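2 protein chains.
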Amino acid sequence: MTAKIVEGGQRNSKTKRLRRLRTSIGERELDALLISQPENLRYLSGFTGSSGWLLISGQNAILATDFRYVEQAKGESPGFEIVQIKQELHDWLPGLVSDLGWHRLGFEANFISYDGYHKLGEATKIKQINLQLVPTTGIVEQLRSTKAPEELGFITKAVELADAAFEEAKPIIRPGMREKEIAWEIEKILRQEGSEGIAFEIIVASGPNSALPHARPTERMIRSGEPLLIDMGARISGYCSDLSRTLFLGKADRPFREIYDIVFKAQATAIEEVESGMDASQADRLARSIIEQAGHGDEFGHGLGHGVGLAVHEFPRLGLGSSDLLADGMVFTIEPGIYLVGQGGVRIEDMVVLENGKARVLTRASKDT
Amino acid sequence: MTAKIVEGGQRNSKTKRLRRLRTSIGERELDALLISQPENLRYLSGFTGSSGWLLISGQNAILATDFRYVEQAKGESPGFEIVQIKQELHDWLPGLVSDLGWHRLGFEANFISYDGYHKLGEATKIKQINLQLVPTTGIVEQLRSTKAPEELGFITKAVELADAAFEEAKPIIRPGMREKEIAWEIEKILRQEGSEGIAFEIIVASGPNSALPHARPTERMIRSGEPLLIDMGARISGYCSDLSRTLFLGKADRPFREIYDIVFKAQATAIEEVESGMDASQADRLARSIIEQAGHGDEFGHGLGHGVGLAVHEFPRLGLGSSDLLADGMVFTIEPGIYLVGQGGVRIEDMVVLENGKARVLTRASKDT
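Line by line, the protein sequences give chains A and B. Residues 1 to 369, numbered by this note's numbering, are exactly what the first sequence covers, in order. Residues 1 to 369, numbered by this note's numbering, are exactly what the second sequence covers, in order.
What the hints contain is simulated information worked out from the structure, not anything from laboratory work. Some hints could be false.
On the chain B side, residues computed to face chain A include the following (Cβ under 8 Å) [what the hints assert, rightly or not]: (1) 67; (2) 112; (3) 113; (4) 135; (5) 181; (6) 184; (7) 212; (8) 213; (9) 214; (10) 264; (11) 301.
Given the structure is predicted, the values throughout are model-derived calculations rather than measurements. Heads up, the beta-carbon is just placed ideally off N, CA and C, and yes, glycines get one too.
Looking at chain A on its own, in the form it has when it is part of the complex:
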């Protein structure tokens, strides 16, 4: 019974998403929009196969996929017309579009390759079809950036799972273990506790390695006192979480106690002061100004955070050059860091949701170092 209610709810939410998308399509005076970016496709249709295309117009909601996924598509995407396709996009799209009488078709310009676009143009010309291909970017990504209650539910579960896995792994970690070994222990816990794979490759970076913001776990043995940076995430019903903590296993070596306190303060301030209606670049400044004042501005080489949802990095982007506008319903990370090349780094990352204008922190993992 529960399952049915949830399914009905999800179906309603899909209807709402399509309605919002159709408004965007109308505003751009498009006859239809072609969507293939996997998370966009899943968001709108529920389809999780690795190969498929959506065609959305005012009237139509078509999911085109090959024989491998037709049965799956029928199950996952009720309400969509499933069209079985063969060969490549340019082989089947022009005919279909022509049959439907569309003349202005939007496409995802940062997802379709130059070659794909070019072949599509050639095929339309050869078949003498009157079709204008209109490049678009970020239409569905924009819709995805504010989360509906059921999405927030999945994200919250993914956050809780990462928190619990971190707390379960923490007592196991001791000096002499290798970074890779710790990463694998964390992954096993995450997956055995019900995560769908992992949201991204787990980072376990110790000592000087922690100064590389995108370090991969190595065979290096961890030592007490030096920074041990862990960055991990779970996935539930497709939705991700993202959690970073920096540990020291004992008393922090100088200057890391001081560094830790600066990052901690920068993060707490950003969480406290970030607001709906704020520019994402302004949110970044909240933490950055504290780190700059402490003399470490050059050592905070990435943005303050990023949206999290079906993708682990999505809108909004909180950084210096970002023009995104923060709004209620957005879920994102707040993760300032300071990285001393050759010595080590500290990053503290929580996930928050904007509600009633302010940030509510989703992450509960402890910040004891």
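Since the structure of chain A is provided, determine the placement of chain B on it from the hints.
Chain B only, in chain A's frame:
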């Protein structure tokens, strides 16, 4: 000492790869080629970071990456000039290309997005730079399709690891276990035995699920007699393996014993008769004709196989429409299958290398059902 010899060997092999690439660049009358497809980038430079660009001309071998990966690039790509970049491709490329005096720049047309290409064109126009962007496809992929001895060494290790993991998992598998549970057991074995992650999501598909060529493991409990299809691969130094077996856990239900024998015969024949110099479509026919003669032609809905290397699917593509030409040094799968919708499927997959004109089978996993 060994490590140094290996490193020297890898460096020589990189030099050879660049030499072959420069011949291709010269034939196309390009001043340079821009490469960003991750496996192509790794193949040529050894760089494994998630963000970087290669620019290869007759004289230059440049690896451009951002601050996160500069140190890693220096370590992984000796012999390359490391350029630290900021922002997006169109922000830095035109200036660099202009400084180097290049006018005809090839790019990977099936990897650069329409948007990326368009922005690059705009930026060159604004900066009044005389630059022609020339779309190319498959240049590096073509080089990658024939393997050098050290590559075959890594692939062989990845094959051995998958074989060993399969044999280790087999006695654990019993009726009543769930597909997901078996997939996770196999993954744990692979990774604990030294695989770098897994080559792709492991397929464990039982009963009717085995009729879906790209099934994902479900909560379904497996039963004796029905087909249990397992498709898995390991990864060593970036190189993949790919192995499929179909088990029955006891006596096979009808009609699967018969189906299994047809697939087995089709595979054995293809392995025996495939030759260097053959069209990849002709190789596909070797197995397909046997399956057709047995009345199951419509139920073999994919190609005979695919190249395996840094990517789990790469050149050559063995299928009906393929125009690839098989040659010594190519490593690929031979994996015919028959899928009865709603009932179940059988696939048997080995990896082979073409040597002295004939296929040598790399896979050793048993074919007892």
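Hint check results:
Nearest Cβ of chain A to the Cβ of residue 67(B): about 6 Å, under the 8 Å cut. The hint holds. Taken as an interface hint, residue 112(B) checks out: its beta carbon lies about 5 Å from the nearest beta carbon of chain A, inside 8 Å. Because the closest C-beta pair between residue 113(B) and chain A is about 5 Å apart, less than 8 Å, the hint holds. This hint holds: residue 135(B) has a C-beta 6 Å from the nearest C-beta of chain A, less than the 8 Å allowed.
At its closest, the beta carbon of residue 181(B) sits 11 Å from a beta carbon of chain A; the interface hint therefore is violated under the 8 Å criterion. At a threshold of 8 Å, the smallest CB-CB gap from residue 184(B) to chain A is about 7 Å, leaving the interface hint in force. Look at residue 212(B): its Cβ gets to within about 7 Å of chain A, closer than 8 Å, so that hint holds up. Because the beta carbon of residue 213(B) sits about 5 Å from the nearest beta carbon in chain A, less than 8 Å, this interface hint is met.
For the restraint placing residue 214(B) at the interface with chain A, the shortest Cβ-Cβ distance is roughly 5 Å, inside the 8 Å limit, so the hint holds. For residue 264(B), the interface hint is violated, since its Cβ never comes within 8 Å of a Cβ in chain A; the closest pair sits about 23 Å apart. Taken as an interface hint, residue 301(B) checks out: its beta carbon lies about 6 Å from the nearest beta carbon of chain A, inside 8 Å.
Against the hints set out earlier in the document, violations occur for numbers 5 and 10.
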